[in-house]
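Enquirer: Sequences listed follow chains A and B, in order.
For the first sequence, our numbering assigns the number 32 to the initial residue and increments by one for each residue that follows.
For the second sequence, our numbering assigns the number 335 to the initial residue and increments by one for each residue that follows.
The hints are simulated quantities; they were obtained by calculation from the structure and are not laboratory data.
All C-beta atoms in this analysis are idealised placements derived from N, C-alpha and C, irrespective of residue type, glycine included.
Please note that the accuracy of each hint is not assured.
The calculated label-pair distances, taken between Cβ atoms and stated as ranges, are [stated by the list, open to error]:
(1) 47/A <-> 444/B: 38 to 46 angstroms
(2) 341/B <-> 214/A: 38 to 46 angstroms
(3) 514/B <-> 214/A: 36 to 44 angstroms
(4) 403/B <-> 52/A: 38 to 46 angstroms
Each computed DSS-like pair below joins lysine-lysine, with the alpha-carbon atoms no more than 27 angstroms apart [stated by the list, open to error]:
(5) 466/B <-> 36/A
(6) 455/B <-> 466/B
(7) 269/A <-> 211/A
(8) 264/A <-> 211/A
(9) 404/B <-> 351/B
(10) 145/A <-> 404/B
(11) 264/A <-> 408/B
(12) 125/A <-> 36/A
(13) 145/A <-> 125/A
(14) 408/B <-> 145/A
(15) 619/B <-> 582/B
(16) 404/B <-> 264/A
(17) 568/B <-> 582/B
(18) 269/A <-> 408/B
(19) 466/B <-> 145/A
(20) 582/B <-> 125/A
(21) 351/B <-> 269/A
(22) 211/A <-> 351/B
(23) 404/B <-> 269/A
(24) 408/B <-> 125/A
(25) 465/B <-> 404/B
(26) 211/A <-> 145/A
(27) 145/A <-> 36/A
(28) 211/A <-> 404/B
(29) 619/B <-> 125/A
(30) 264/A <-> 145/A
(31) 125/A <-> 211/A
(32) 582/B <-> 36/A
(33) 465/B <-> 455/B
(34) 269/A <-> 145/A
(35) 269/A <-> 36/A
Which stretches of chain B does chain A cover? Using the computed rule of at least three CB atoms under 8 angstroms from a CB of chain A, they are [as the list claims (entries may be wrong)]:
(36) 381-394
(37) 404-410
(38) 421-429
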Amino acid sequence: MTDNKHLFASLLIVPLVLTIVLPSTFLVMIHFAPDDPDIQRLLDLLPQSMQTKGLEQGLAELVLNFMLPVFFLIIPIMSASIMAASSFVGEKEKRTLETLLYCPLSVRQIFRAKVLASFLLSMMVSFISFCTMMVVLELEAGILMGMVLIPSISWLVILLLLAPSISLIAVTLIVRRSAKAQSVEESQQSAVFLVIPVILLVVGQSTGLLLVSAWILLAFGLVCTLLAWVLLKTCMGKFTYETLLQ
Amino acid sequence: METVVLQSLSKTYSGGKLAVRQVSLSLNQGEVFGFLGPNGAGKTTTVKLLNGMLSPTEGSCQVLGINPAKEPEKVHRVSGVLTEHAQMYDNMTGTQNLIFYASLFDIPSREARSRTESLLKRLGLENAGAKKLSAYSTGMRQRLSLARALIHQPRVLFLDEPTSGLDPESAQNVNQLIRDLAYREGITVFLCTHQLRYAQEICTRYGLIEDGTMLAEGTLEELRHDVLSDTVLKIRAEIMPAILPFRKSGENQYELDIHSDSEIPHLVRQIVEGGGDVYDVTAQKPSLEDIYFALTAKGKGEAM
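From just these sequences and the hints, can you work out the full model?
Expert: Now the structure itself:
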């Protein structure tokens with residue numbers, strides 16, 4: 032039970048920070064300190080359609096549609112990794128995996144069920160996080176600035192394409208490691224590599240080097256989907272009872 | 335009917351360790367076969383090979399005619415496995431665990447519930463079914479694991495150190511259950527242990543393995559015949575005639591190795607006629623332990 036509490040605590044903390052604390056901080060900053068010349072310069076870089084809106088609204092939507100999506104990607108990566116690690120290596124650590132293998136299930140069935148469970152949970156966490164974030168942001172924007180924020184099409188690409196594919200990549204990376212890893216922490220390390228490109232995106236976005244449009248996100252999403260599919264296929268063929276019990 | 339067959343079964347691990355070397359065996363239905371040897375002898379590897387967890391490097395094996403290397407799921411349907419590496423979920427109760435595993439064997443839930451109840455009762459866990467596994471003692475876990483291995487009514491049971499961690503009373507209870515399963519229900523039991531005295535209590539036939547090699551196989555009588563046939567005659571007597579070849583093993587205690595029980599009356603008569611008073615006569619046949627040590631000593635002697 033304590034293990035489960037620990038698991039849910041780690042599943043909750045990052046989404047809470049990324050979808051409530053961070054966006055709220057941004058909004059409050061925009062509301063109380065918008066007169067920075069640098070910010071005006073950043074706004075000038077934005078597409079024409081966004082510049083027509085008021086400064087506050089423009090900034091708020093800049094945060095919502097350009098900054099937060101990249102931060103948001105950490106959520107599916109993290110929740111998929113936690114779930115996959117505890118369902119593969121966690122079972123190995125607690126010696127319950129071998130019991131499952133002695134049941135009349137093929138390795139493929141066990142593999143599929145575990146990947147699917149990790150994936151679905153990661154999606155659930157991502158969707159709930161998005162909804163919570165929108166509710167919190169709309170409330171804050173409404174109360175502080177008296178306006179409604181409109182999420183761009185990028186969010187659709189993120190929720191329906193990028194988050195699922197990146198979750199699957201995280202799951203398969205963890206699972207690949209799980210055959211050799213002896214502890215949950217050890218297996219989670221492999222997913223850290225996934226966070227690196229996301230951090231680069233965050234840096235790119237915030238310094239204005241790179242403004243990720245919906246098109247770039249779409250292309251990125253398609254590449255990730257392809258990668259996830261290839262990883263999943265090669266991973267599934269590699270598993271036997273022997274590799275799992277090492 | 336042959337239920338478990340091993341033909342020149344060998345397993346070399348990828349690291350190069352030869353765990354099982356050319357083991358051939360055949361078990362009949364309803365037999366309690368003791369697979370005996372020290373830790374690291376290859377017992378657990380053999381169980382894994384028989385359940386398709388490992389694939390053999392050479393030779394083959396069958397469980398009820400099914401090749402575990404090719405169709406492990408089919409073997410799992412007819413076999414139950416108890417090993418210390420196969421644990422259950424700590425955050426679920428005993429009953430929940432058993433019902434979960436029953437569902438993996440496609441047992442309908444009503445049937446699963448009734449089997450769970452009767453197994454818990456049979457293993458003395460009727461009051462522990464509603465408790466979470468995290469509150470279980472080692473012995474309770476071991477008994478629940480046995481219940482889990484039996485939930486799908488297997489025809490072959492693989493038990494790896496089934497009484498480890500059990501108190502004497504539960505151990506006796508488990509032994510009785512194993513005997514019942516074999517004699518009354520015709521289940522074949524493949525029992526691995528390093529406790530030779532325990533094995534002698536419960537098994538009908540034995541295989542002795544060391545460093546992956548089978549040293550000997552057979553019933554206790556067969557092993558005595560093949561390996562160590564000498565009986566030790568122990569006599570408690572006052573005054574032992576000096577002409578008799580007995581060695582003194584304690585106060586008024588004498589010992590002599592004999593080859594056949596027919597020598598006993600003559601020896602006793604000689605003591606009595608020589609003026610000795612006999613209080614106790616015991617013909618001690620070699621135990622499984624004596625046979626095992628004789629075998630390993632022989633192996634080492636030959637190696638030198």
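Enquirer: Can you name, in rising order, the numbers of the hints this structure does not satisfy?
Expert: The structure breaks hints 4, 20, 25, 29, 32, 35; every other hint is satisfied.
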